[in-house]
Amino acid sequence: DAGITQSPRHKVTETGTPVTLRCHQTENHRYMYWYRQDPGHGLRLIHYSYGVKDTDKGEVSDGYSVSRSKTEDFLLTLESATSSQTSVYFCAISPSYEQYFGPGTRLTVT
Amino acid sequence: GIQVEQSPPDLILQEGANSTLRCNFSDSVNNLQWFHQNPWGQLINLFYIPSGTKQNGRLSATTVATERYSLLYISSSQTTDSGVYFCAVLGSEYQLIWGAGTKLIIKP
Chain A
31 DAGITQSPRH KVTETGTPVT LRCHQTENHR YMYWYRQDPG HGLRLIHYSY
81 GVKDTDKGEV SDGYSVSRSK TEDFLLTLES ATSSQTSVYF CAISPSYEQY
131 FGPGTRLTVT
Chain B
147 GIQVEQSPPD LILQEGANST LRCNFSDSVN NLQWFHQNPW GQLINLFYIP
197 SGTKQNGRLS ATTVATERYS LLYISSSQTT DSGVYFCAVL GSEYQLIWGA
247 GTKLIIKP
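Heads up: the sequence lines are chains A and B, in that order.
Count along the first sequence starting at 1, add 30, and that's the number in the numbering used here.
Count along the second sequence starting at 1, add 146, and that's the number in the numbering used here.
The hints are simulated quantities; they were obtained by calculation from the structure and are not laboratory data.
All C-beta atoms, glycine included, are put in the ideal place defined by N, C-alpha and C.
Keep in mind that a hint or two might mislead.
Said to hold, decoys possible - Some chain A residues judged to face chain B by a derived CB distance under 10 Å, without partners named: (1) Y63; (2) G70; (3) F120.
With the hints as extra help, turn the sequences into a complete structure.
In structure tokens, the structure reads:
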């Protein structure tokens, strides 16, 4: 158990509303990541963080922002959700060279 | 960028059978992981194996970095082995680059 939780686990929201997903780790690791998984695309990196207040963009960052004010929490925000952001979102941590994944959040934007 | 290809895309086996899944990558890597995504969507780490061979119970993996491939062996398959198996390598900027996965179905 890598000590990663995500909340909420499921969410349905309407187009145009803001949404924030939370990733929480109990292990105090420096690196944290947000991915999305869609059929036919595998997992794609949205943003990652290499420390408190240190974040950077991944492959598919448009429409997403992140914040990391504490080591244990990494927040992903959709400022104005769109139907194309319907997906399963995974958070990951990296103690060293490996990445470990949380249980995922299934987000549906109607 | 690095390309990761997995084969076969789909595999259907009877319980008790053995299988070999392959992962090819287009450039030298120093970080390769195998994951199992179970039918409930959970991603489970199987191996971190940039080179060499590792074994964990009925599963083992071998990476030949110089020839740019990795193999995952599953012996005496059980229905709980069903799901999608991914390999992923670390690209630039800490991004894991994923193969498309092998979907494994184990029939009782």
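Going down the list of hints, with the structure as the test:
1. Y63: 7 Å, holds
2. G70: Cβ of G70(A) sits 8 Å from chain B, so the hint holds.
3. F120: With a minimum Cβ separation of about 7 Å from chain B (threshold 10 Å), the hint on F120(A) holds.
Checked against the numbered hints given earlier, the structure satisfies every one of them.
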